[in-house]
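Undergrad: Residues per chain, in single letters:
2 protein chains.
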Amino acid sequence: MAEQVSNKQVIMKDYVSGFPDESYMSITISTLTLPLKLPFSGNGVLLKNLYLSCDPYMINRMRKPHASSYVDSFQPGSPISGYGVAKVLDSGDPNFKEGDLVWGITGWEEYSIINATQALFKIRHTDVPLSYYTGLLGMPGMTAYVGFHEICSPQKGERVFISAASGAVGQLVGQFAKLLGCYVVGSAGSKEKVDLLKKKFGFDEAFNYKEEPDLDAALKRYFPEGIDIYFENVGGKTLDAVLLNMRINGRIAVCGMISQYNLEKPEGVHNLMNLIVKRIRMQGFIVTDHYNLYPKFLELVLPYLRQGKIEYVEDIIEGLENAPSALIGLFTGRNVGKQVVVVSRE
Amino acid sequence: MAEQVSNKQVIMKDYVSGFPDESYMSITISTLTLPLKLPFSGNGVLLKNLYLSCDPYMINRMRKPHASSYVDSFQPGSPISGYGVAKVLDSGDPNFKEGDLVWGITGWEEYSIINATQALFKIRHTDVPLSYYTGLLGMPGMTAYVGFHEICSPQKGERVFISAASGAVGQLVGQFAKLLGCYVVGSAGSKEKVDLLKKKFGFDEAFNYKEEPDLDAALKRYFPEGIDIYFENVGGKTLDAVLLNMRINGRIAVCGMISQYNLEKPEGVHNLMNLIVKRIRMQGFIVTDHYNLYPKFLELVLPYLRQGKIEYVEDIIEGLENAPSALIGLFTGRNVGKQVVVVSRE
Ligand SMILES: NC(=O)c1ccc[n+]([C@@H]2O[C@H](COP(=O)([O-])OP(=O)(O)OC[C@H]3O[C@@H](n4cnc5c(N)ncnc54)[C@H](OP(=O)(O)O)[C@@H]3O)[C@@H](O)[C@H]2O)c1
Ligand SMILES: NC(=O)c1ccc[n+]([C@@H]2O[C@H](COP(=O)([O-])OP(=O)(O)OC[C@H]3O[C@@H](n4cnc5c(N)ncnc54)[C@H](OP(=O)(O)O)[C@@H]3O)[C@@H](O)[C@H]2O)c1
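Chains F and C, in that order, are what the protein sequence lines are. The opening position of the first sequence corresponds to residue 1 in our numbering, with each subsequent residue numbered one higher. The opening position of the second sequence corresponds to residue 1 in our numbering, with each subsequent residue numbered one higher.
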C-alpha cells in the first residue's frame, strides 16, 4: 500500500567561499511516495539512510568548480552527498536486494535514489557497530590502511608521527603503527584529544599543537633521533616543522592538508630542500584508487576489532538537522574522533 | 732526484654568507718536494690534478656548519675540495699505482694528497675525453642516470620536464628521456642555452624561464595535457608552477634546488596540495648513495657516447686561478654546459 513519507534533506544553498559556516546549508523537506516504483530500469537503488559521515574533503565539493578540482562540485539548491550507511528499500540492480545494508556514497537526506551503485559496498558483517562503516570499516579506515601500509613502507621499530591524530583516519594510523611495533607520536588540538591518544589508542606520546609555539622544538623533544614516517593530515606549518626533523630515507604519506582547505591562498612550505638532503619520499594518494584492497583490509581489521586490539572512537550527533554544524565542526576541531550523523537507527 | 715544485691552491678565506662571490676565495702558492715520500703508510695517494669540476653543492660546504648541513663545511684558510680528474704520482694504496688516472674527490690545487681513496674511481676507458669524468662519465652523469632511471620510473611516451636543463645534469636527463621515447621539454636561462637544448640535445621544446612572466602559462603551453615526470634542479617558483601542471600519478625527482641555495630563507612553495589530488610521488636523492650502479651506468652510456647517440657540452675554463669565478658563475648561469676547470692537460 502506497505510503506518503517526508524526506528531510540538507541542501547546499550556495558555493562556499572562504571559511565555511552552516549558513551555506539549509534543511528542507520534500515528500516521497513509498514503495517507490524506481524511476529507472535495470539499475539503481532506493536507500533509507542510517548514518552519514562528515569528511573534510566534502568542503572541496562545496566550492565553485575550479581548475584543480578533483571532485565534482555539488549543485547549489540540491542535497549534498557523501559517505554513509544505508538500508536498501528497493533495487533495480541485481547486485543489491531489499533489506541489504550498504556503505558508500549516498545523499544527505532521509531517503536517496542512487544510480551510481558501483560506489556502494554491501555490508556482510553486522556483529560490529553499523556506524563503523562510515569510519573504521569504511573510507577513513581504508585511508589509514592504504596510507600507512601501502604508502609508508613501514618497518618495525620505526618512528612515526601523525597529525590530526585523534581523528577518523589518524587514530587508526597510530594503532596500525603500534601493532607493527613502531614508536608513535600524534598531535591534536585539545587536552581531551591528547589524553585519548595516549590512554585509549596507546600512542607512545602525544601533544597539543595549539600549545606549542615552536613546532620544531616540540618535534625535537619527541623525536630526538628524527622521524622515519610522517602521516600528513594537516599541511602548512606542521609539514614545514616535520621536514626539519625527518631522518634519512624518511617517507611522508600525503593524505590531507586540512589546515589549508579554507585559506584563500595556501601557506608556503619552506623546508623542501630537506627532501634532497634526507632522501625523502613524499607520496600523495587518494583512497578510492585502492578500493580493490577492501577485502584484504577487512580480513586484517575485523579480527583486530573483535579481539579488542583496535579501539575506535566516534563522535555521534543525532539528527540530520545537526549534520551541517557537524560537518563545519571538522574545520574547528569540534569533533572528537570520527564524526558521524545518525539519520535513523533502523 | 728530488724536485721542488710549487703547488697553487684555491683557499677558502672565510665562510660564505648570502650570495657568494670570488672574494671568499684566494689563490695561494705553497711548495712540495717531489717525489714525495708519502706522509702516511699503507694508504693514500699523491695526485696531480688535471680537471676540476664546479658543482653547485660546493656552496653548501662553503657555509658555516649548521643544523641541516649534510656535507662537512670546508675549513677557512684551507684549500677547498671537490670532484676532479687526476693522475696518480705516488700511491700507498694497493688499489692504485703510479700513472693511474682517477676521478673522485680531490683538492682545488695542483697536487693533492688524498687519504680518502674510497672516494676515487679508477678510469679504465681513455678513448673518450678525460674531462668527461667530471661530467658525463662522473658524478653529474650518474646523477642524471640515477635520478631519471631509478627515481622517476619513466615509461616510453611520458611527458618530461627538466629545469636547469642545459647544465651538467639536465642535458643528460633530457637525452636519456629522448632515448627512451619520451616527450621532453627543458627550461634554461638564455637564448643560447635554449638553442642548445633544441638543436644539439634533441629536446622537443625548450624555453627561457627568464622571459616567462607566468611560468604556469608557459608550462600549460608546452604541456597541454600535463607533466608526467619533473626532474627538479631549481626549486622555488618553478616547482610551484610545475605542481599545478602535474598529471595523475606523476613523479618528481628532487635532485637540486639551486634557486634556493643562496637565499637567507628559502621561498615558500604553495601548491603542495596537488600531491594529493594528483597522487604525486616526490622523491629526493643523493647520487653518492647509488655509486654501486656506476659499472652498470658505464655499460649503458659508453656505447651511446661512442656511437654519437649522446652529446655532451662542456664549458672549459683554463687555469686554477680562474676556478673561483667559474664556481661562482654557476649561480648566475654563466656556464653553458658542464663547468670544468683545466689545471693541467697532462
Ligand atoms: N587522501 C585521501 O584519500 C583521504 C581520505 C580521507 C581523509 N583524508 C584527509 O585526512 C585528513 C583527516 O581526515 P579525517 O576524516 O580523519 O578528519 P578528522 O581528523 O576526523 O577531523 C578533522 C580534524 O582535523 C583537525 N583540524 C582542523 N582544522 C585544522 C587546522 N587548521 N590545523 C590542524 N588541524 C586541523 C581537527 O582536529 P584537531 O582538534 O586535532 O585540530 C579536526 O578534528 C584530512 O586532511 C582529510 O582530508 C584524505
Ligand atoms: N642530488 C644529487 O645528488 C645531485 C648531484 C649533482 C647535482 N645536483 C643538483 O642538480 C642541479 C644541477 O646541477 P648541475 O651540476 O647540472 O649544474 P648546472 O646546471 O651545470 O649549473 C647550474 C645552473 O643552474 C642554473 N641556475 C643558477 N641559478 C639559478 C636560479 N636562481 N634559478 C634557476 N636556475 C638557476 C643556471 O642555468 P640557467 O642559465 O639555465 O639558469 C646554471 O647554469 C643543482 O641543483 C645541483 O645541486 C644534485
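Keep in mind that the hints were calculated from the coordinates and are not lab data. You may find that some hints are simply not true.
The list that follows gives simulated cross-link-like pairs (lysine-lysine, BS3-like), each with its CA atoms no further than 25 Å apart [to be verified]:
id, chain 1, residue 1, chain 2, residue 2
1, F, K191, F, K237
2, C, K237, F, K237
3, F, K265, C, K220
4, C, K210, C, K220
5, F, K64, C, K220
Undergrad: A separate judgement is required for each hint: does it hold in the structure or not?
TA: Here is what the structure says about each hint:
The hinted pair formed by F/K191 and F/K237 meets the criterion: a straight-line CA distance of about 20 Å does not exceed 25 Å. As the CA atoms of C/K237 and F/K237 are separated by approximately 19 Å, the hinted pair is consistent with the 25 Å bound. For the hint pairing F/K265 with C/K220, the CA-to-CA distance comes to about 21 Å; that is within 25 Å, so the pair holds. As the CA atoms of C/K210 and C/K220 are separated by approximately 16 Å, the hinted pair is consistent with the 25 Å bound.
The hinted pair formed by F/K64 and C/K220 meets the criterion: a straight-line CA distance of about 22 Å does not exceed 25 Å.
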